[in-house]
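Student: With the hints as your guide, set chain B onto chain A.
Residue strings, one per chain:
2 protein chains.
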Amino acid sequence: MGLIVQKFGGTSVANIERIQNVAKRVKKTKDEGNDVVIVLSAMAGETNRLIELAKSIQKAPDPRELDVLLATGEQVSIALFSMAAKEVGLKAVSFLGYQIPIQTDPAHGKARIHEIPTEKLKKAISSGAIPVVAGFQGIDPEGDITTLGRGGSDTTAVALAVALGADMCEIYTDVPGVFTTDPNICRLARKIDKISYEEMLELASLGAKVLEIRSVEFAMRYKMPIHVRSSFSDEPGTMVVEEDESMEKILVSAVTYSRNEARITISKVPDKPGIAAKIFSPVTDANIVVDMIIQNTRAGDLTDLTFTVARSDYERAMEIVDKVAKEIGAERVAGDPHIAKVSIVGVGMKNHAGVAAKMFRILSDHGINILMISTSEIKISCVIDEKYTELAVRALHEGFGLDKNNEQ
Amino acid sequence: MGLIVQKFGGTSVANIERIQNVAKRVKKTKDEGNDVVIVLSAMAGETNRLIELAKSIQKAPDPRELDVLLATGEQVSIALFSMAAKEVGLKAVSFLGYQIPIQTDPAHGKARIHEIPTEKLKKAISSGAIPVVAGFQGIDPEGDITTLGRGGSDTTAVALAVALGADMCEIYTDVPGVFTTDPNICRLARKIDKISYEEMLELASLGAKVLEIRSVEFAMRYKMPIHVRSSFSDEPGTMVVEEDESMEKILVSAVTYSRNEARITISKVPDKPGIAAKIFSPVTDANIVVDMIIQNTRAGDLTDLTFTVARSDYERAMEIVDKVAKEIGAERVAGDPHIAKVSIVGVGMKNHAGVAAKMFRILSDHGINILMISTSEIKISCVIDEKYTELAVRALHEGFGLDKNNEQ
Chain A
659 MGLIVQKFGG TSVANIERIQ NVAKRVKKTK DEGNDVVIVL SAMAGETNRL IELAKSIQKA
719 PDPRELDVLL ATGEQVSIAL FSMAAKEVGL KAVSFLGYQI PIQTDPAHGK ARIHEIPTEK
779 LKKAISSGAI PVVAGFQGID PEGDITTLGR GGSDTTAVAL AVALGADMCE IYTDVPGVFT
839 TDPNICRLAR KIDKISYEEM LELASLGAKV LEIRSVEFAM RYKMPIHVRS SFSDEPGTMV
899 VEEDESMEKI LVSAVTYSRN EARITISKVP DKPGIAAKIF SPVTDANIVV DMIIQNTRAG
959 DLTDLTFTVA RSDYERAMEI VDKVAKEIGA ERVAGDPHIA KVSIVGVGMK NHAGVAAKMF
1019 RILSDHGINI LMISTSEIKI SCVIDEKYTE LAVRALHEGF GLDKNNEQ
Chain B
659 MGLIVQKFGG TSVANIERIQ NVAKRVKKTK DEGNDVVIVL SAMAGETNRL IELAKSIQKA
719 PDPRELDVLL ATGEQVSIAL FSMAAKEVGL KAVSFLGYQI PIQTDPAHGK ARIHEIPTEK
779 LKKAISSGAI PVVAGFQGID PEGDITTLGR GGSDTTAVAL AVALGADMCE IYTDVPGVFT
839 TDPNICRLAR KIDKISYEEM LELASLGAKV LEIRSVEFAM RYKMPIHVRS SFSDEPGTMV
899 VEEDESMEKI LVSAVTYSRN EARITISKVP DKPGIAAKIF SPVTDANIVV DMIIQNTRAG
959 DLTDLTFTVA RSDYERAMEI VDKVAKEIGA ERVAGDPHIA KVSIVGVGMK NHAGVAAKMF
1019 RILSDHGINI LMISTSEIKI SCVIDEKYTE LAVRALHEGF GLDKNNEQ
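Chains as they are written, first to last, in my numbering: chain A, 659 to 1066; chain B, 659 to 1066.
Among these hints, one or two may not hold up.
Copies of the same chain are indistinguishable here, so a pair counts whether it falls within one copy or spans any two.
[Said to hold, decoys possible] Listed next, the in silico DSS-like pairs over lysine-lysine satisfying Cα-Cα at most 25 Å (straight line):
1. K1045 <-> K749
2. K780 <-> K849
3. K686 <-> K781
4. K936 <-> K984
5. K781 <-> K682
6. K852 <-> K686
7. K1008 <-> K685
8. K984 <-> K686
9. K688 <-> K780
10. K881 <-> K1045
11. K781 <-> K936
12. K682 <-> K717
13. K744 <-> K778
14. K717 <-> K685
15. K717 <-> K686
16. K744 <-> K768
No wet-lab data here; the hints were simulated from the structure.
Next up, chain A with everything else stripped away, as it sits in the complex:
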């Protein structure tokens, strides 16, 4: 008995049959005595289809009009789902962003939610109805449609759960939960029953697509429990909650990796104050995100700078850096688009020494050379040659005992 916000992703509403199945699942939750609010994504593939249409007209589609276009995806979902819900005997009523209204800033394509008045939703709930809310969309102070960016429906769901004081936010997806690593690479990957917000945040930053990063930030700030689970099964998934004692006992919760990486090195840069700014300003001005940066000082006031960017930005970044290198009198620019990043994440690291050393030893034992290292309080990332990705992931997963159980 409580108030539950349930969000269903694009694959969960990909076709009529799945929409009907989701309606049955929602009915079950309602029949168990809960109040329910539904948040939906666009049907799988729809957002990409619309983006293609837009790009066939404008290479860089007008941001305001692109949001008007993309918002139709969720609009279709909530209308069809509300019909399906009525067919199974539920009293459902759809809500678009402007009808609640979900108030955002005017940053089209990456808007942030400012406020969600709850009067209309609460009125609907207390009348016994199930509000079916379009994810991903809001309106700005001018009344223009905004969208929250990829995965934005997760944020809509968590923000709604917080605004309504819900007991739980359930995120339904096409996988059974958060895994200790990618099951496609490591057969021994296990579903994690419980994970802290901080760890989930690191995993999301490292490219785990199961939850959108801003939704985790939002949940962490307001301590809203998230239950990530499969819409195709009744099995419990992964609870994303506040850190507790049991979690601290676990050194490493998950191993993750990213192949979308490329490395650029500028050698023998005259080491003067402001040189880093000179190199990185034009790169970030071109909307290229720089991830890891390492600086090695050589003899004679010369320095080497190495950094990583997304592989899709590699060529553009190389062009920019080549130009800058000449301007600042650097000797040489070298790049490598065939690298990968493997990371281990765990709140247990905070209180345990030697986790990093263990990681380096495991990689070394398997003959894997570490090219770059970056650490946070609960995460260690190593850049390696791309061809070792699977080997590294499996070795770390086994080495930190993730193939056994959560208690080490």
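Tutor: Same frame as chain A, but now just chain B:
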């Protein structure tokens, strides 16, 4: 120089290329010094696709949610068109129904426009922008999305033109204008240069699909000139305007026909007061529209009642009438689903005797038997055997000189 509302139908925005062509056409109008407001339909086929989706979930889709669903069609059009307009250098800005807002009653699927505030549109126009308005949609007093019914974008365009005090409402479609008859049946059909609101209203009632009937009523009430023309050519189309002297000289402006007709006869009905209500109430209660009705009195307080319905309603109507006939003691029910209705329309009829006689004679000269007749001030319709449809249309078109020129 003036303010022109231009409405483009589904075939005019059916794909990206056509949308881009429409943008170029709008630019031409703007470059000629006019202010322009655009109204768009959904891309051809999209509304039907959405209806199919809805019907695969609910046989009779929930009206509120169906409107939420269907409104996405025009939303996609205005977003894509605004992008295309920007690509050709226009300052375009899209408006959804709720953003203007186009205020309607809450009759989902057949809403009527109550009011259109023009502040936002006028502000956009005076800033040099081209408002691109979603046709077919509005919002009701609750803030729910409504739609105006099939062809509703025509009504949106005319209502906007009236509200803005525009000089002209141009309706762009896939035909060059209004024709003296269907060119598919009669090779000698000619485009009509100018037609009165009243005649256009009759033609729309008789099934001519070039203009939605409510848009003509709206234009007539507020004397808004409509220019119906092709979006694929620069040729002028048909002006729909107030009746003038030149029109009165023309006996017949157009010949039209409908094959979507069926006839039902109830014979030897005891002729008591209220008998017609007893027969027709259950028919109209079943949402079946009765078109023509003829009553013949026989000897001995018995009467025969003959009426027509849409052919698609024929079987349902027969079932109902069979039941009623037994209740009221009628002798016999007979039906014929293979009839057609041919009509001639012209404001000139008002002041000319003998038009009806001429029509009957032309049909008779071609061996066509008239089964039923119905007339209005500017229209005569005859029900005939379906197999004579083409023959009747060609004979009337030639007989009234429509293959020559407008002055008879």
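Student: Confirm or reject each hint.
Tutor: A quick look at each hint next to the structure:
| no. | hint | in the structure |
| --- | --- | --- |
| 1 | K1045 <-> K749 | neither (54 Å within a copy, 50 Å between copies) |
| 2 | K780 <-> K849 | neither (35 Å within a copy, 58 Å between copies) |
| 3 | K686 <-> K781 | within (22 Å within a copy, 50 Å between copies) |
| 4 | K936 <-> K984 | within (12 Å within a copy, 95 Å between copies) |
| 5 | K781 <-> K682 | within (23 Å within a copy, 48 Å between copies) |
| 6 | K852 <-> K686 | within (24 Å within a copy, 63 Å between copies) |
| 7 | K1008 <-> K685 | neither (43 Å within a copy, 63 Å between copies) |
| 8 | K984 <-> K686 | neither (66 Å within a copy, 49 Å between copies) |
| 9 | K688 <-> K780 | within (16 Å within a copy, 48 Å between copies) |
| 10 | K881 <-> K1045 | neither (40 Å within a copy, 75 Å between copies) |
| 11 | K781 <-> K936 | neither (56 Å within a copy, 44 Å between copies) |
| 12 | K682 <-> K717 | between (42 Å within a copy, 18 Å between copies) |
| 13 | K744 <-> K778 | within (20 Å within a copy, 37 Å between copies) |
| 14 | K717 <-> K685 | between (44 Å within a copy, 20 Å between copies) |
| 15 | K717 <-> K686 | between (45 Å within a copy, 23 Å between copies) |
| 16 | K744 <-> K768 | between (33 Å within a copy, 22 Å between copies) |
In terms of the numbered hints stated before, the structure departs from hints 1, 2, 7, 8, 10, 11, listed from lowest to highest.
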